[in-house]
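Novice: Chain residues, written in single-letter form:
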Amino acid sequence: METINLLIWSLDSLLGLSLLWLAWRALTTPDLFKAVVLFIAFGLLITLVWVRLDAPDVALAEAAIGAGLTGALLLSALARLDSTHSDPASVYSGKTRVNNESAGPESIHWWPFSLLVLVSSGLGFIILSMPVAFMGLSPEVSDQLANSGVENPVTAVLLNFRAYDTLLEMVVLLIALLGVWSLGGGVKHKEPFPGTVLDILTRLLTPVLILVSAYLLWVGAHAPGGAFQAGSVLGAAGVLLMLSGWQLQMNIPVLLIRLILLAGPFAFIAMAVITIMIEGQLLQFPVAQAGLLILLLETFATLSIGATLAALFLGGQTWKNDEESL
Amino acid sequence: MTIIDYISVILLVAGAFFFLAGTLGLLRFPDVYTRLHALTKADNLGLGLTVTGLILQLESWLVAGKLLLIWILILLAGASVAHLIAKGALRRKVRLWKQ
Amino acid sequence: MTTPILYALTGIGLFSLGLYSLIVQAHLLRKILAINIMGSGVFLVLIALAKRSGEIPDPVPHAMVITGIVVAVSATALALSMMLKLNMETHHAELPDDQQG
Chain C
1 METINLLIWS LDSLLGLSLL WLAWRALTTP DLFKAVVLFI AFGLLITLVW VRLDAPDVAL
61 AEAAIGAGLT GALLLSALAR LDSTHSDPAS VYSGKTRVNN ESAGPESIHW WPFSLLVLVS
121 SGLGFIILSM PVAFMGLSPE VSDQLANSGV ENPVTAVLLN FRAYDTLLEM VVLLIALLGV
181 WSLGGGVKHK EPFPGTVLDI LTRLLTPVLI LVSAYLLWVG AHAPGGAFQA GSVLGAAGVL
241 LMLSGWQLQM NIPVLLIRLI LLAGPFAFIA MAVITIMIEG QLLQFPVAQA GLLILLLETF
301 ATLSIGATLA ALFLGGQTWK NDEESL
Chain H
1 MTIIDYISVI LLVAGAFFFL AGTLGLLRFP DVYTRLHALT KADNLGLGLT VTGLILQLES
61 WLVAGKLLLI WILILLAGAS VAHLIAKGAL RRKVRLWKQ
Chain G
1 MTTPILYALT GIGLFSLGLY SLIVQAHLLR KILAINIMGS GVFLVLIALA KRSGEIPDPV
61 PHAMVITGIV VAVSATALAL SMMLKLNMET HHAELPDDQQ G
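Residue numbers (our numbering), protein chains in the order written: chain C, 1 to 326; chain H, 1 to 99; chain G, 1 to 101.
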């Protein structure tokens, strides 16, 4: 089957080279808008690579968060960046506003370049001297999978075996949001009426997105999916609503928003305390109820992640009652 | 390979051909509006053919329904985004290419 | 050169590209893009090495990468809002050391 091997090898090298080329173009093109769009394309290409490497959960998370939400954040920041300048050039003209040190081939900076060659050759040597087949933690996970309450090994690792990491991750999301809020006072963006097409699209898509999010949450127990993917789809729904000028932050009471944002971390912390009291070990789920507990944790986590991601997109813009502090 | 497999392969190759044609349009057409036109039309059709080719390989109607749903959503999103980009370009007074 | 090793080397290439851009370029948005690309490179190395475990890849690096993606987006959001704040105050998009004038 020599031709199949050659085909697979050429497909893999094509994907790898395109990744490197896209990354290089995204980092060195003089126009910032083009750079961001190329970065979004890079995110989609790396989603393909995750599928190729048998990592469907990671592919779902990357497509929703890495390509989608990060792209939206970057574009939104780019729009707000130039509007605070008194520069007459429009946002999407050819040049960035200030000189950047984007290096063309004629002006490679030698010290960073030699550092780079050193680091990459060292890492490459390490990679090449690693064993070609290595079992890692797969056997241990497969052995304990029956006791974990779910059938998807990645969900089992995320929400049962390494639930402590997920607890900390919920807190990291919260801290990032607190940082963004404490910087405060974004440019007041008055959304114009979005136009018929975007309006209708939002009305059609938001229920679908909520449904897809619930589906991903449910199916994460036995197929690729889970809380993070579901949460990011909810966050995308929030972003879509905000882009259509729905002024979510004016219509929902602040207390409700704060409660939803805290629901995820608090559910994890409450579960941690309960398991310490009952089982004596941090986040050690009883085998019989593990599936139910994981679903419960995942539901709160989904709501929290969705709300946090949407709030991160909104940025420092204040909620109802601008005068009272958050 | 059975006859179903052959039909699947033909449909998938046809879908890939339409994607290629759309990308060629993206690269070669003179302005934003013509590029959008080529891209959305060709990509929607290409995706439809690809989805049909994949559905022939499935055993369950549920998964086929999911694939069709994906196609419809991409149709919807693609058309709307093309409209939004064209409207944005018009607002920025990007000129239409005249022969 | 098996598939996992090939992708791991690509990941190192991405990491190096991102690192070079981070050091060399002055505009803050480009630095943020560079950090994201470095992150993607690291994730690629992790997932590629996880594929060495045969047909069922090792799920622990997958979980770590999903965590990493979420942390990366929150760090990006925070970094972008800091950049916008700096931009609002000083009307420059670079740190004071790197400004051209």
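None of these hints come from the bench; they were simulated from the model. Check each hint, because a few of them may be wrong.
Stated by the list, open to error - Below, a list of computed lysine-lysine pairs in the DSSO-like style, where the Cα atoms sit at most 27 Å apart:
1) H/K41 to C/K34
2) H/K66 to H/K41
3) C/K34 to G/K85
4) C/K34 to H/K87
5) C/K34 to H/K93
6) H/K66 to H/K98
7) H/K41 to H/K87
8) C/K34 to H/K98
9) H/K98 to H/K87
10) H/K98 to H/K41
For clarity, every value in this text was computed on a predicted model and none was experimentally measured.
Novice: Work down the list of hints and note, for each, if the structure agrees.
Specialist: These are the hints, each one checked on the structure:
Note on H/K41 and C/K34: the hinted pairing holds, with a Cα-Cα distance of about 24 Å set against a maximum of 27 Å. With a C-alpha separation of about 22 Å, the suggested pair H/K66 and H/K41 falls inside the 27 Å cut-off, and the hint holds. Proximity of C/K34 to G/K85 is assessed by CA-CA distance (about 23 Å); at most 27 Å being required, the pair is judged to hold. For the hint linking C/K34 to H/K87, the alpha-carbon distance of about 19 Å falls within 27 Å, and the restraint holds.
A threshold of 27 Å between alpha carbons decides the hint, and for C/K34 with H/K93 the separation of about 19 Å falls inside it, so the pair holds. A hinted pair counts as satisfied when its Cα atoms are at most 27 Å apart, and H/K66 with H/K98 does not qualify at roughly 42 Å. A hinted pair counts as satisfied when its Cα atoms are at most 27 Å apart, and H/K41 with H/K87 qualifies at roughly 18 Å. Between the alpha carbons of C/K34 and H/K98 the distance comes to roughly 25 Å, so the proposed pair stays at or under 27 Å and holds.
Taking the CA atoms of H/K98 and H/K87, the gap is about 18 Å. The hint holds against a cut of 27 Å. For the proposed pair H/K98 and H/K41, the alpha carbon gap of about 21 Å is at most 27 Å, so the pair holds.
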